[in-house]
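Colleague: My request is simple: use the sequences and hints to build the entire structure.
2 protein chains.
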Amino acid sequence: MPKPATDQINAVLAHVDRTIGESLERLFELIRIPSISTDPAYGDHCRRAAEWLSAELAAIGFDASVRDTTGHPMVVGHDKAASGAHVLFYGHYDVQPVDPLALWNTDPFEPTLQPLENGDTAIVARGASDDKGQLLTFVEACRAWKTVTGSLPIQVSMLFEGEEEASSPSLAPFLDKTAAELKADTVLVCDTDMWDRDTPAVTTMLRGMVGQEIEISCANRDLHSGMFGNAARNPLQVLADIVSSLRTPDGGVAIAGFYEGTCELPEAVHRQWQALPFDEDGFLRDVGLSIPAGEKDRSILEQIWARPTCEINGMSGGYAGTGFKTVIPAKASAKISFRLVEGQDPIAIRDAFQAHVRARIPADCSVSFKDHGLSPATTMPLDSPFLRKTLEALTTEWQRETALAGTGGSIPIIGEFKRRLGCDALLVGFARFDNRVHSPNEKYDLSSFQKGIRSWVRILAAFGDI
Amino acid sequence: MPKPATDQINAVLAHVDRTIGESLERLFELIRIPSISTDPAYGDHCRRAAEWLSAELAAIGFDASVRDTTGHPMVVGHDKAASGAHVLFYGHYDVQPVDPLALWNTDPFEPTLQPLENGDTAIVARGASDDKGQLLTFVEACRAWKTVTGSLPIQVSMLFEGEEEASSPSLAPFLDKTAAELKADTVLVCDTDMWDRDTPAVTTMLRGMVGQEIEISCANRDLHSGMFGNAARNPLQVLADIVSSLRTPDGGVAIAGFYEGTCELPEAVHRQWQALPFDEDGFLRDVGLSIPAGEKDRSILEQIWARPTCEINGMSGGYAGTGFKTVIPAKASAKISFRLVEGQDPIAIRDAFQAHVRARIPADCSVSFKDHGLSPATTMPLDSPFLRKTLEALTTEWQRETALAGTGGSIPIIGEFKRRLGCDALLVGFARFDNRVHSPNEKYDLSSFQKGIRSWVRILAAFGDI
Numbered sequence: 002m003p004k005p006a007t008d009q010i011n012a013v014l015a016h017v018d019r020t021i022g023e024s025l026e027r028l029f030e031l032i033r034i035p036s037i038s039t040d041p042a043y044g045d046h047c048r049r050a051a052e053w054l055s056a057e058l059a060a061i062g063f064d065a066s067v068r069d070t071t072g073h074p075m076v077v078g079h080d081k082a083a084s085g086a087h088v089l090f091y092g093h094y095d096v097q098p099v100d101p102l103a104l105w106n107t108d109p110f111e112p113t114l115q116p117l118e119n120g121d122t123a124i125v126a127r128g129a130s131d132d133k134g135q136l137l138t139f140v141e142a143c144r145a146w147k148t149v150t151g152s153l154p155i156q157v158s159m160l161f162e163g164e165e166e167a168s169s170p171s172l173a174p175f176l177d178k179t180a181a182e183l184k185a186d187t188v189l190v191c192d193t194d195m196w197d198r199d200t201p202a203v204t205t206m207l208r209g210m211v212g213q214e215i216e217i218s219c220a221n222r223d224l225h226s227g228m229f230g231n232a233a234r235n236p237l238q239v240l241a242d243i244v245s246s247l248r249t250p251d252g253g254v255a256i257a258g259f260y261e262g263t264c265e266l267p268e269a270v271h272r273q274w275q276a277l278p279f280d281e282d283g284f285l286r287d288v289g290l291s292i293p294a295g296e297k298d299r300s301i302l303e304q305i306w307a308r309p310t311c312e313i314n315g316m317s318g319g320y321a322g323t324g325f326k327t328v329i330p331a332k333a334s335a336k337i338s339f340r341l342v343e344g345q346d347p348i349a350i351r352d353a354f355q356a357h358v359r360a361r362i363p364a365d366c367s368v369s370f371k372d373h374g375l376s377p378a379t380t381m382p383l384d385s386p387f388l389r390k391t392l393e394a395l396t397t398e399w400q401r402e403t404a405l406a407g408t409g410g411s412i413p414i415i416g417e418f419k420r421r422l423g424c425d426a427l428l429v430g431f432a433r434f435d436n437r438v439h440s441p442n443e444k445y446d447l448s449s450f451q452k453g454i455r456s457w458v459r460i461l462a463a464f465g466d467i
Numbered sequence: 002m003p004k005p006a007t008d009q010i011n012a013v014l015a016h017v018d019r020t021i022g023e024s025l026e027r028l029f030e031l032i033r034i035p036s037i038s039t040d041p042a043y044g045d046h047c048r049r050a051a052e053w054l055s056a057e058l059a060a061i062g063f064d065a066s067v068r069d070t071t072g073h074p075m076v077v078g079h080d081k082a083a084s085g086a087h088v089l090f091y092g093h094y095d096v097q098p099v100d101p102l103a104l105w106n107t108d109p110f111e112p113t114l115q116p117l118e119n120g121d122t123a124i125v126a127r128g129a130s131d132d133k134g135q136l137l138t139f140v141e142a143c144r145a146w147k148t149v150t151g152s153l154p155i156q157v158s159m160l161f162e163g164e165e166e167a168s169s170p171s172l173a174p175f176l177d178k179t180a181a182e183l184k185a186d187t188v189l190v191c192d193t194d195m196w197d198r199d200t201p202a203v204t205t206m207l208r209g210m211v212g213q214e215i216e217i218s219c220a221n222r223d224l225h226s227g228m229f230g231n232a233a234r235n236p237l238q239v240l241a242d243i244v245s246s247l248r249t250p251d252g253g254v255a256i257a258g259f260y261e262g263t264c265e266l267p268e269a270v271h272r273q274w275q276a277l278p279f280d281e282d283g284f285l286r287d288v289g290l291s292i293p294a295g296e297k298d299r300s301i302l303e304q305i306w307a308r309p310t311c312e313i314n315g316m317s318g319g320y321a322g323t324g325f326k327t328v329i330p331a332k333a334s335a336k337i338s339f340r341l342v343e344g345q346d347p348i349a350i351r352d353a354f355q356a357h358v359r360a361r362i363p364a365d366c367s368v369s370f371k372d373h374g375l376s377p378a379t380t381m382p383l384d385s386p387f388l389r390k391t392l393e394a395l396t397t398e399w400q401r402e403t404a405l406a407g408t409g410g411s412i413p414i415i416g417e418f419k420r421r422l423g424c425d426a427l428l429v430g431f432a433r434f435d436n437r438v439h440s441p442n443e444k445y446d447l448s449s450f451q452k453g454i455r456s457w458v459r460i461l462a463a464f465g466d467i
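Chains as they are written, first to last, in my numbering: chain A, 2 to 467; chain B, 2 to 467.
Calculated from the structure, these hints are not laboratory results.
Source: prediction; values computed, not measured.
Among the hints, a few may not be true.
A pair counts as met if it fits within one copy or between any two copies, since identical chains are not told apart.
As the list claims (entries may be wrong) - Listed below are the simulated SDA-like cross-link pairs for lysine to any residue, each with C-alpha atoms no more than 20 Å apart in a straight line:
1) LYS332 with ALA103
2) LYS178 with GLY72
3) LYS452 with HIS16
4) LYS371 with TRP53
5) LYS178 with VAL67
6) LYS332 with ALA180
7) LYS332 with ARG286
8) LYS452 with GLY120
9) LYS81 with GLY151
10) LYS332 with TRP105
11) LYS297 with ALA103
12) LYS297 with ARG361
13) LYS452 with LEU117
14) LYS332 with ALA321
15) LYS297 with ASP365
16) LYS147 with ILE61
17) LYS419 with ASP64
18) LYS452 with THR200
19) LYS178 with ALA321
Modeller: And the structure:
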């Protein structure tokens, strides 16, 4: 299929701008469904979100359905009426938990519009950015093409999952089962940031992740810390000793073999990153900090994009309520995640971590482990025609050179698309650095949403002549 | 007043045995009031417990009243009809929180009787032992004397507070205000253990306590650990480093100056303790452990009675729910308590701890502290006639030599009685080692309750000829 003519593209873009209010109303509807995937209490809401998406796809002419898994369901939709390239768009309708709820200024599941100092407007809600706002930019772009021209410029399939925030346990088996149906020329993902407010970015480097939960058990019951203190092992002390031992004084990770297989950044990439207008001080200042915590001889961009890390995501044990309780708890636990870079094997990292922990458990105590995700780092091929066309389309929409970025976050599913479908993925996102993703008062800028839709309109058109 | 005749004592003891069912029913009534002092939600219940106690004292002829404080109220009662010695009995009607609730086999505030393998019966409930069961042994002994003989052998005052588990913030000001009213020849406290099932004990050595809550703040909001991991300081890591730094590898406390002023145990006490039938292995085995955690060159009795310690009572921060959340929290906190021995100044220990923590807070992070109690260790004079008479009475009731014990726990109020009223205190308790005080399924043995009442009947009589 030939690339659509410029006036056709302009008509679709004009339609996007004219109907942005309706698009926003649909986003609000989706946000209002509290589809928290990690908490079993929200299972029905996850299914409702899947059904809502399936219905929306059907409404714009996709052959769409909700597909059961052993966890939260998938949504699959196809519109293959066009000839030419075939893309598979991936997004996730599940969201992070909202705690600590007290820090939200508004109900996390009742989206509100709030004016920003820069003249933009914030859509404030859990999932506004990650990933409901982002995934709808693509759906709304397809809706605009279909409404204005009756068809899409290329063949489009969509896949939405509801377990991305819960480490996507159902995705790999689902991709295996539906590989023939879902295989496409490229996968598109909208779950990443722009370079800055005005500069679009395509993310070409993703860290992998190993998530581990550990529970240390000492006494067979909670003890009075006065009666037993000193003599009885305190699992909180054991836990603190272990967590403390994970880091070296110079900001590195102290697990034996942790850096094995990692490489220095290619000189060319290093230079490109140094040329990016990145404000190291501003990055930390924005979150109230001033001293980088990672390896002392690395820039912040290296620390967050190209160096592996170990982060404590939660610790608990003993009494945490109001007041005080003189207890030595029977158990203490922590949630710990590792971000991996190219060359690190997630299984080897997990095993090295578990060995590190086991070596520090007193002989009369015990530890148990629970897996929460295991994915390698991935890097994108820089010579893909889809990438080239995307860069052109983004640069036209934003009137800025598009940045080729890394990201510290992990999208483990990218590795699965490569492994199960043989597809590379293109990561184009319109989130901004200050979106408070995973935090209270998460937001998505209205301009991210509107220009995101417009960007996809142009990208779909640009793919028309591949 | 002359000491009551033996047949009079026997008549009172027979009455105790005959009416033990009614005594038990009163204990159940008191237990059913969930007077958790550390949780503000239970404030009304604390007051109800105070009113219940005041009414019971009035019912046996005490001049009793509930006295307001800025916290939970006090109960004061007097029966000074007798001549001779005047004792002030102290107890606390508040109880510890019940979490983790899931580990209770029965409702913590619905007492149940459960047969024990040794033929005794357990009263299972929060507060059954600490301190509702224990304090009622004294009240019921007074009731028996009054019912059978119409009077008490000595002058008795009682003071019950409702903030013992919350560090007794109102006690010192209350004692100051009521010193003239409450001053007695000795204070009696029933909040300690027997030496073993069959051997009564008077506790002559108590550790002091410093309770501290710390909150470490890093970023100004929760962060995504993928986006910020490595570069942004993680308060959970800072907390773990600090907690880990509190202990030396050989089981000691690593805070500078911590052991300053502490002395070795007097040789005589050391010998007495070595002679006590204490099963070191059994002490730990009973709670599922086998390796003492404290200083390597100290016996377990020394570790828990005569050596200071630092215990982590709670740690929290980040995500602790089901599943996983890749967050770097803005804050992390811990509750930490120190048990002190003679020679340690609580204020100096607190200051040394806070300096130790502050020195380990990164320059762009901060820490705040909250006090939860501050009391020195205390030791009892061994030459008091009240102690001598108590030992005689206990030995008569239990037909065993009474042990002079230390205790690892702290009863900070003992120091206040000395300071505010000039009174020494006698600690006589009937709790047993396996009472699960502060833990799920707390219990008090029916024999502790009944023979505890009988013991006080004899002690009151023995005080008659001081």
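Colleague: Does each hint hold? Answer for all of them.
Modeller: Here's how the hints hold up against the structure:
In this homomeric assembly, LYS332 and ALA103 come within 20 Å of each other (Cα to Cα) only across copies, at 14 Å, whereas the closest approach inside a single copy is 27 Å. In the homo-oligomer, the alpha carbons of LYS178 and GLY72 lie at most 20 Å apart inside one protomer (15 Å), although the nearest pairing across protomers, at 64 Å, exceeds that limit. For the identical chains of this complex, LYS452 and HIS16 are intra-copy neighbours only, at 13 Å inside a copy versus 88 Å across copies, given an alpha-carbon limit of 20 Å. In the homo-oligomer, the alpha carbons of LYS371 and TRP53 never lie at most 20 Å apart, since the shortest distance is 33 Å inside one protomer and 49 Å across protomers.
Proximity of LYS178 to VAL67 under the C-alpha cut-off of 20 Å is restricted to the intra-copy arrangement: shortest distance 15 Å within a copy versus 72 Å between copies. Taking the shortest alpha-carbon separations for LYS332 and ALA180, neither the intra-copy value of 44 Å nor the inter-copy value of 44 Å comes in at or below 20 Å. Taking the shortest Cα distances, LYS332 and ARG286 sit within 20 Å of each other only across copies (17 Å), while inside one copy they are farther apart (37 Å). Within a single copy, LYS452 and GLY120 get their C-alpha atoms as close as 15 Å, which meets the 20 Å cut-off; across copies the closest is 78 Å, which misses it.
With identical chains, the CA atoms of LYS81 and GLY151 are at most 20 Å apart within one copy only, with a shortest distance of 13 Å there and 99 Å across copies. For the identical chains of this complex, LYS332 and TRP105 are inter-copy neighbours only, at 16 Å across copies versus 31 Å inside a copy, given an alpha-carbon limit of 20 Å. When the C-alpha separation of LYS297 and ALA103 is checked against a cutoff of 20 Å, the pair qualifies neither within a copy, at 35 Å, nor between copies, at 45 Å. Taking the shortest alpha-carbon separations for LYS297 and ARG361, only the inter-copy value of 18 Å comes in at or below 20 Å, while the best intra-copy value is 27 Å.
Proximity of LYS452 and LEU117 under a CA criterion of 20 Å is satisfied intra-copy only: 17 Å inside one chain copy versus 73 Å between copies. Proximity of LYS332 and ALA321 under a CA criterion of 20 Å is satisfied in both settings, with 14 Å inside one chain copy and 13 Å between copies. In the homo-oligomer, the alpha carbons of LYS297 and ASP365 lie at most 20 Å apart only across protomers (16 Å), although the nearest pairing inside one protomer, at 38 Å, exceeds that limit. For the homomeric pair LYS147 and ILE61, the shortest alpha-carbon distance inside one copy (7 Å) is at most 20 Å, but the shortest distance between copies (88 Å) is not.
For a Cα distance limit of 20 Å, the shortest separation of LYS419 from ASP64 qualifies neither inside one copy, at 25 Å, nor across copies, at 83 Å. Taking identical chains as interchangeable, the C-alpha atoms of LYS452 and THR200 lie at most 20 Å apart only when both belong to the same chain, with a minimum of 12 Å there against 81 Å between chains. In the homo-oligomer, the alpha carbons of LYS178 and ALA321 never lie at most 20 Å apart, since the shortest distance is 45 Å inside one protomer and 34 Å across protomers.
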